[in-house]
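Protein sequences, first through last, are from chains A and B.
The end of the first sequence is residue 326 by our numbering, with every number in the run present.
The end of the second sequence is residue 701 by our numbering, with every number in the run present.
To be clear, the hints were calculated from the coordinates, so they are not data collected in a lab.
Each hint should be verified, as a subset may be incorrect.
Each pair of labels, with its calculated beta carbon distance range [as the list claims (entries may be wrong)]:
#	chain 1	residue 1	chain 2	residue 2	range
1	B	Gln86	A	Glu187	53 to 61 Å
2	B	Glu59	A	Ala151	53 to 61 Å
3	B	Arg79	A	Thr292	29 to 37 Å
4	A	Ser319	B	Lys39	18 to 26 Å
5	B	Arg79	A	His125	50 to 58 Å
6	B	Ala156	A	Glu190	22 to 30 Å
7	A	Glu190	B	Lys108	47 to 55 Å
8	A	Glu25	B	Arg79	39 to 47 Å
9	A	Ser319	B	Asp41	53 to 61 Å
10	B	Asp41	A	Ala151	21 to 29 Å
It should be emphasised that the depicted structure is a prediction, and the values quoted were computed from it without experimental measurement.
In this text, a Cβ means the ideal position worked out from N, Cα and C, and glycines have one as well.
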Amino acid sequence: MRLLKPVLAGLCAISLLAAATPYSARAEFTRPSRIAFPETGSYSPQKAALGKMLFFDARLSRGQNLSCASCHNPSFGWESPVPRAIGGLNRPLKRHTPTLENLAEATAFFWDGRAATLEEQARSPITHPDEMDSSLPDVVRRLSAISGYRRNFAIAFPEEGLTETSVLAALATYQRTLRSGWSPFDDWIEGDEDAISSAARRGFEVFTGVARCNECHSGWSFTDHDFHRVGVGGEDIGRGLIDPALAYGFKTPGLRNIALRAPYMHNGSLGTLRDVVAHYRQGGTTVAGHPSELTPLQISDRQASDLVAFLETLTAYEPHVSTPALPVD
Amino acid sequence: MSIKRRILGPIFLLILIGILGASWTSFAAIRTQDAIQKADADTLRTLQSTERAQRLREEIERQLAQFLEFNVVVPPDRVARRHQQFVSAFQSVLGELSLTEGSSKQKQMVENLSAQFEAWNTEASIALGIIADTHIPSHSRLDQLARRLELSLVALEQEIRIGAAAANRDARDQYVRHVALVFASMTVIFLVAGSTFLGFGSHLVASLTQLASAMERIRDGEYDAPVRDTARRDELGQIARGVLTFSHTLRDLSAAKSRIEHLALHDQLTNLPNRRALQDHLSQCLSEDYTADTRAAVLHVDLDRFKQVNDLMGHAAGDQILRHAAQAMLRCVTPRDLTARVGGDEFVIVLRRAGSEAELQLLAERIIEEVSRPVEIWSEFINVGASIGIAFIDGSESDPERILSNADIALYVAKGQGRGRASFYNDETRTQFEGNMALLKDLRTGLAEGQIRAHFQPQVDGANGQILGFEALARWKHPERGMLPPDVFITLAFEHGLGDQLTEIIVSDAVEALLDWRSRGLPAPSVSVNFSAKQLRDGGLVEFLDDALFAAALEPADIAIEVLESVLFGDGVDPALNTIAQLQARGYKIELDDFGTGHASISNLRRFKVDGVKIDRDFVAGVDQDAEQEMILRTLIDLCRNLGIECLAEGVETEAEKSKLLALGCSRFQGYGIARPMPRDEVTDWLDARRQDKPVVKAV
Chain A
-2 MRLLKPVLAG LCAISLLAAA TPYSARAEFT RPSRIAFPET GSYSPQKAAL GKMLFFDARL
58 SRGQNLSCAS CHNPSFGWES PVPRAIGGLN RPLKRHTPTL ENLAEATAFF WDGRAATLEE
118 QARSPITHPD EMDSSLPDVV RRLSAISGYR RNFAIAFPEE GLTETSVLAA LATYQRTLRS
178 GWSPFDDWIE GDEDAISSAA RRGFEVFTGV ARCNECHSGW SFTDHDFHRV GVGGEDIGRG
238 LIDPALAYGF KTPGLRNIAL RAPYMHNGSL GTLRDVVAHY RQGGTTVAGH PSELTPLQIS
298 DRQASDLVAF LETLTAYEPH VSTPALPVD
Chain B
2 MSIKRRILGP IFLLILIGIL GASWTSFAAI RTQDAIQKAD ADTLRTLQST ERAQRLREEI
62 ERQLAQFLEF NVVVPPDRVA RRHQQFVSAF QSVLGELSLT EGSSKQKQMV ENLSAQFEAW
122 NTEASIALGI IADTHIPSHS RLDQLARRLE LSLVALEQEI RIGAAAANRD ARDQYVRHVA
182 LVFASMTVIF LVAGSTFLGF GSHLVASLTQ LASAMERIRD GEYDAPVRDT ARRDELGQIA
242 RGVLTFSHTL RDLSAAKSRI EHLALHDQLT NLPNRRALQD HLSQCLSEDY TADTRAAVLH
302 VDLDRFKQVN DLMGHAAGDQ ILRHAAQAML RCVTPRDLTA RVGGDEFVIV LRRAGSEAEL
362 QLLAERIIEE VSRPVEIWSE FINVGASIGI AFIDGSESDP ERILSNADIA LYVAKGQGRG
422 RASFYNDETR TQFEGNMALL KDLRTGLAEG QIRAHFQPQV DGANGQILGF EALARWKHPE
482 RGMLPPDVFI TLAFEHGLGD QLTEIIVSDA VEALLDWRSR GLPAPSVSVN FSAKQLRDGG
542 LVEFLDDALF AAALEPADIA IEVLESVLFG DGVDPALNTI AQLQARGYKI ELDDFGTGHA
602 SISNLRRFKV DGVKIDRDFV AGVDQDAEQE MILRTLIDLC RNLGIECLAE GVETEAEKSK
662 LLALGCSRFQ GYGIARPMPR DEVTDWLDAR RQDKPVVKAV
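Chain A on its own, in the form it takes in the complex (with noise of 0.2 Å):
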């Protein structure tokens, strides 16, 4: 391996010479190999697996109606497919559910960020009343009820068992391993020019050129962690709730499978990628009070439905997941 890369990297560049894009803009898209897992949440197989049963197990909340999967669903790019989900007093929520991908780096949870931690942010779900109803304490007691729970929390936590702490770790530690899969994109990224088609690689140009999405949407998973105005409207302040001065502010999402992923924004008012592409390229909607860090693009037709086709590449070749099979005594 250490052999392989720089000859790798020589190939890469050489292929690059010749490509538009030079490698240096690319480097940045670069999938990490390795998720970071911190000190206080480590990783095990046996939490992970635990934390999907829990992800996927309705009997979390209170009504035993919904669990973590029946919002982010996997399908939709672990969102739902409609501006804002149902929770489980059938009423709709604030906000459009977020991706639950590429988040072992993140720093900042929910569209606002007001969670540190994703075993922090576990709690919220579980706990609102809006949403599963129900408490920690009922969550334990519900689980120890089950046999198959109580030895899998014996595997996977051997010393702490089946807690509160190891039901948040359990569900943060999966979610720290749901990565976007491999994708035409990455393909190119890695120096297949044909992975994408032209315009999608035209689009890439317009993404990171003229239209500065990278500036945002940096990195391998497209999101910069921070909270920006983008001109939405409404009247959620988004990150205002925790800091004044970024109201109307919210966490960069990631663009990995995008395209499943629609209605689009904090609020799913967007229904496509086009319209999506729309409202950058005019900067914003100018709602008077809204603060927007956007300004209109000066792109052309052809470029805005570039950057659609640049968008679709990153979507994951197999972005298929499978549910586990759930202890039921």
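Following the hints, put chain B in place on chain A, whose structure we already have.
The following block gives chain B in isolation, referenced to the frame of chain A:
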């Protein structure tokens, strides 16, 4: 070295080399096949290992993926165990692969594979929680490593296949090199050995060809044909020496055969072909076709007086004469003609182109002339004559004996005509000859049966009518032809050796007649008998006459010997003259018959002092009418008188002749004017009558 070894040696060598080459090639082929099979087996094994590795990789990946689906919570120890099972299995396969034969590249690839697997395994172990780490490899990372591993395995598999193909190719190349080496070596060996053998072979063939051609030439009779290689020590030398020896032997045998043939067909004295050769030649000649222009001829040459020379001077002189004659004849004919000696002094010439009769006559005369040239023998010049009988071969006669007989007849005729002549055969000649032969037969009978008797012609003295004597003359009373004169048969009798018998009869009759007449008291002084020169030469005549006279109690004086004056031709060595001298000494009277017609040597006439001569009737007849004849007669008579030799005239027929003769001084008469030849009894009567008529005679 012997040819056998030189031929068989290289052949054995080449066979050996061929077997060695074939063995070598086969061995190389087998070894190549083994190498290919081993390589194939190794390859197969290695490929099976790689396939197993690939399978294991799939299994292990599948298991990993299954674990990382996170659908089941599996205890860590079980995860580790199950993972480790596959890892161990894979590592053992890797161990197998690293132990297999192969190129350095292949080994490097196995090493790389090992390293990649370790890298993958490390990452997988982290992902499976076997190795604790805060940085967990992502799916894509694991997939990436797994793909690399898979590709490496595929590449290894390909490399193994390539290596196997290369190994096969190497083995085949090695085999080709082996075969090429064998081929080159064998080619060189075959070239060297072959060219050596070829050189020897061509040398051998050249020698054999030379020998063969020499043998061909020897077979054709060229016994001195050069034979090479006789000094060689091998079989060829043996053959060559054999051929040389055979050729010499054949040459000697052939020479001996030629000599024998020559001897069988040639006369040794003259080196001319002999009678047998002549017959062969004639047969050959007769088988050809002849026309009048191309006819051949046979010349039968007989030497005259040869026997005389032989008798007088011995056989050595005779041989010299024969050689001379042979050379003389050869000078006259062409080489195409055959000259053969067929008997003592008889030669036959066969002329292939006879030409005309006149040309042949000229040739014959030339032969006679050549043969008659004098030969110097012991400082004495001697010559013989030749008579030639000529017969043509013109297709009318096919029997060689008959042809020779024809020539013989012609010769007979030539001799009969007088010697030194050539005579042609024709049918008349044969008729005449055959007539003679018939007559001869009768003559023999006649002699035996007493048909031939002596008649007597009186000789009287014309002056006084006195009986001087009688000449006994042979008369043949032929039973069919009546009385025959002597000229019909005398020559015949003498030619065929009947002369002595005839003479015997005449002498016997003469003696009896004398006795008879004397017993009757009739005047019978003597009877003269004719003898030939041959009889004089043969000897025994004196003894014969002595015996005959003694038996009859008569004296030599009672018999007169008449010989032709030609007897006196010869020189001093002629035995006839010797006999004459002896007869004279005994008291016999010698009379020369037909005096004047021959060419008697006057000196011999004087030397032998013959008792009388008988003047030939040619001088006498008509002497009374011809003065010149009278002069000759007078000279002859005078000569005799002067030499003191009695002189008798023959053929006296008329009184006028008698008178003239008397006038010339010759009174002794014989002839029809006196009396014709008569048988003894008639003579008796004639004498009786004459005794009574004596006065009458006196009156004449």
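- Query: Do Gln86(B) and Glu187(A) keep their Cβ atoms within the hinted range of 53 to 61 Å?
  - Reply: Violated: the Cβ-Cβ distance is about 33 Å, outside 53 to 61 Å.
- Message: Given the hint of 53 to 61 Å, is the C-beta distance from Glu59(B) to Ala151(A) inside that range or not?
- Response: violated, 33 Å
- Supplied distance hint 50 to 58 Å, evaluated on CB atoms of Arg79(B) and His125(A): Since Arg79(B) and His125(A) have Cβ atoms about 37 Å apart, the given range 50 to 58 Å is violated.
- Query: Within 39 to 47 Å or not, the Cβ separation of Glu25(A) and Arg79(B)?
  - Reply: Cβ of Glu25(A) to Cβ of Arg79(B): about 41 Å, so the range 39 to 47 Å holds.
- Does the Cβ-Cβ separation between Arg79(B) and Thr292(A) fall within 29 to 37 Å? violated, 58 Å
- Satisfaction of the hinted span 21 to 29 Å by the C-beta atoms belonging to Asp41(B) and Ala151(A): violated, 56 Å
- Message: Looking only at beta-carbon atoms, does the pair Ala156(B), Glu190(A) fall within the given range of 22 to 30 Å?
- Response: holds, 23 Å
- Query: Between Ser319(A) and Asp41(B), does the beta-carbon spacing fit 53 to 61 Å?
  - Reply: Distance hint for Ser319(A), Asp41(B) is violated at roughly 45 Å.
- For Glu190(A) and Lys108(B), compare the CB-CB distance with the range 47 to 55 Å and indicate the outcome. violated, 35 Å
- Message: Looking only at beta-carbon atoms, does the pair Ser319(A), Lys39(B) fall within the given range of 18 to 26 Å?
- Response: violated, 49 Å
The structure shown violates the earlier hints numbered 1, 2, 3, 4, 5, 7, 9, 10.
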